[in-house]
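Chains as they are written, first to last, in the working numbering: chain A, 1 to 301; chain B, 1 to 260.
It is possible that some hints are incorrect.
[Claimed, not checked] Some but not every residue of chain A turned toward chain B, in silico, with C-beta under 8 angstroms:
no., residue
1, L107
2, W110
3, F175
[Claimed, not checked] Below, computed lysine-lysine pairings styled on DSS-like, alpha-carbon distance capped at 27 angstroms:
no., chain 1, residue 1, chain 2, residue 2
4, B, K30, B, K49
5, B, K2, A, K193
6, A, K149, B, K30
[Stated by the list, open to error] From chain A, some residues computed to sit far from chain B (all C-beta separations above 10 angstroms):
no., residue
7, W78
8, Q109
9, E195
10, E198
11, F220
12, L249
13, F257
In case anyone wonders, no lab produced these hints; they're calculated from the structure. All C-beta atoms in this analysis are idealised placements derived from N, C-alpha and C, irrespective of residue type, glycine included.
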Amino acid sequence: MQSDKTSVPAATVTMPVRTRRTLPLNWLGVLPFAIFVTLFLIMPTMKIVVGAFQTPDGSLTLDNIRGLFTPSIMAAYWISIKISLASAILGCIIGFGVSAAVVLGGLPQWIRGPLLTFSGVASNFAGVPLAFAFLATLGPVGILTVFLKTQLGLDLRLLGFNLLSFWGLTLTYLFFQIPLMVLIITPALDGLKREWREAAEILGASGPQYWRMVAFPILFPSLLGTLALLFANAFGAVATAIALTGSSLNIVPILLFAQIRGDVLGDPHLGYALAFGMIVITGIANTLYIWLRARSERWLK
Amino acid sequence: MKRIWAWGALTFGLLYFFLPLIGMTNFSLKMRRGEYSFDAYARVLADPKFQETFGFSVMMALFTILFGIFLIVPTAYWVRLKMPGLRPYIEFVTLLPLVIPAIVIVFGYIRLYNTSSWLPLTGTTTGTNLLLMFGYATLALPYMYRAVDTGLRTIDVTTLTEAAQSLGAGWITILSRIILPNVLVAVLSGAFLTFAIVIGEFTMAALLNRPAFGPYMQLLGANRAYEPAALAVIAFGITWACMGLIQLVTRFSKHTRAQR
């Protein structure tokens with residue numbers, strides 16, 4: 001039906017017959033795309049989702065999902081969620097601080113362009129090389145570790161810091177989380193109109209009051225939405241974690257990686273359930289993001 | 001007062017980003033005891049495995065980009081021209097690879113296209129390479145589609161098409177000689193981003209057992225000390241170059257448009 005609407009101005013008056021004849025062929029134009037997406041995105045995902053609810057001989061079951069609720073798998077999910085949440089929250093706060101400093105803090109204007117370009121680079125600099133960079137910085141013989149030890153007498157290892165741990169992974173993830181936050185929140189901060197602040201001041205609001213009662217409620221959906229996006233971003237990250245920790249840290253992506261490689265759980269369908277759990281968690285986070293983003297656009301257009 | 005806070009926040013952010021970069025650069029230069037040298041780089045660049053895997057990844061990236069252009073430009077064009085009602089659905093589908101982690105997608109590939117299935121792509125080397133390319137195209141889909149669609153928004157697709165048709169152009173001519181040159185900047189930004197993604201991708205290549213650059217880096221990282229840092233510097237340089245090229249083509253296009 002859509003094609004009628006678009007081609008009406010030129011065609012209705014002169015030759016309505018022709019438009020009607022070409023109508024069914026319009027679908028052919030998106031057919032290659034539809035086939036590609038079905039074969040390499042939808043079907044593989046459906047295979048996992050359906051497999052999560054099947055026994056090896058193909059009948060329906062909830063045992064695989066129930067199998068996730070064992071202590072070791074639950075622990076893997078829990079530490080994954082903790083790392084993703086910690087890196088998302090810290091990334092939001094620090095990224096907001098940096099972005100606010102540039103947009104509202106009265107810094108010279110020329111900083112803005114390079115900062116955004118650099119954020120684009122840094123948010124894409126994830127994976128294996130990022131792990132190497134952090135090993136060279138905060139690893140046992142990293143530049144910062146050595147500097148703190150020889151110059152300031154602070155031994156990070158004695159203080160209980162280890163790069164191959166919860167905080168180590170969180171710190172590493174922050175390297176791509178902060179720039180992603182900067183990239184997303186800077187346009188939102190730009191959208192805060194000068195008039196709102198002036199109106200608030202005329203009505204007698206102090207700086208903190210303006211932030212608490214005007215700016216923050218407007219920004220809140222974008223902040224929360226970005227938090228969800230950063231969470232999903234960290235939750236799906238595999239390469240950085242594997243390159244950094246090998247398999248010493250038991251997080252869900254590493255567990256799934258090992259399961260695909262060599263069936264460490266001893267049950268292929270438990271692997272499906274593990275992957276299904278990942279989709280559910282990132283799916284919820286992304287739905288939140290899309291929904292909150294739509295809300296925030298009401299004010300920040 | 002406000003400005004001091006602002007400088008403080010910015011300095012903190014900059015330190016966070018530059019320390020690891022300084023760390024890896026510094027480390028990569030320290031292979032020779034007691035002095036700075038490019039030994040680690042020389043060792044890496046001379047490694048036949050490096051040349052092999054890097055070449056493989058570059059080829060994969062180029063094929064992925066070509067495939068992406070052939071798939072996405074006609075689709076995005078067709079949707080804009082003939083089926084605008086379909087746009088929200090297509091856009092939703094193209095965002096799915098951001099929701100479904102790459103490791104889950106490749107897990108599905110392995111189960112769906114193994115040697116005992118109806119389409120045994122993983123049975124042969126060419127088949128696996130093809131599957132990996134489709135996987136990369138899926139990963140790049142959100143960026144590529146968005147870039148092309150934004151590019152199409154800035155031109156009048158309907159008028160251009162009708163003008164070309166009345167001069168006797170067929171669909172292939174319209175796409176290759178009218179639409180593609182007009183959205184070339186957008187396509188190029190998508191292409192560079194795809195390149196940056198594919199070149200260091202680890203998960204898919206590792207699980208499909210292909211000799212790509214990502215798994216090579218991981219392997220080297222597990223066994224060597226200084227070479228990984230040199231690799232990280234090289235990888236960062238590539239990412240930086242890709243982003244720089246995107247900026248460059250965008251700026252270039254603005255100039256040509258302003259002159260008109």
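Practice problem: List in ascending order the numbers of the hints, as given earlier, that are violated by the structure. | Solution: 2 and 13
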